[in-house]
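All chains should be modelled from the sequences, with the hints used to inform the complete structure.
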Amino acid sequence: TMAVVLVAIDLAWVLAASQARKLLKSKRAMKIANRISATTMAGAAAAIATRS
Numbered sequence: 001t002m003a004v005v006l007v008a009i010d011l012a013w014v015l016a017a018s019q020a021r022k023l024l025k026s027k028r029a030m031k032i033a034n035r036i037s038a039t040t041m042a043g044a045a046a047a048i049a050t051r052s
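49 is the number that this note's numbering gives to position 49 of the sequence shown; each next residue is one higher, with no gaps.
Don't read these hints as lab results, they were simulated from the structure. Wrong hints could be hidden among the right ones.
What the hints assert, rightly or not - Taking CB as the label site, the calculated pair distances span:
| id | residue 1 | residue 2 | range |
| --- | --- | --- | --- |
| 1 | R35 | L6 | 14 to 24 angstroms |
| 2 | V14 | S52 | 38 to 48 angstroms |
| 3 | S37 | T1 | 34 to 44 angstroms |
Glycine is no exception: its CB is placed at the ideal position from the N, C-alpha and C atoms.
Here it is in structure tokens:
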């Protein structure tokens with residue numbers, strides 16, 4: 001049972017990665033993805049900084 005669940009999860013990740021690769025082929029999409037990632041990282045850094 002555990003092996004079936006793990007295989008199903010891995011297949012889901014493979015499909016997600018395949019779709020992401022198709023989406024991120026253009027320069028515009030990569031630029032947007034990079035901006036979202038940077039904003040997320042900045043938000044996480046701010047959240048950590050305000051906890052102390």
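Going through the hints against the structure:
1. R35 - L6: 14 to 24 angstroms: Violated, at about 34 angstroms.
2. V14 - S52: 38 to 48 angstroms: Cβ of V14 to Cβ of S52: about 39 angstroms, so the range 38 to 48 angstroms holds.
3. S37 - T1: 34 to 44 angstroms: holds, 36 angstroms
When each numbered hint is compared with the structure, a violation occurs for hint 1 only.
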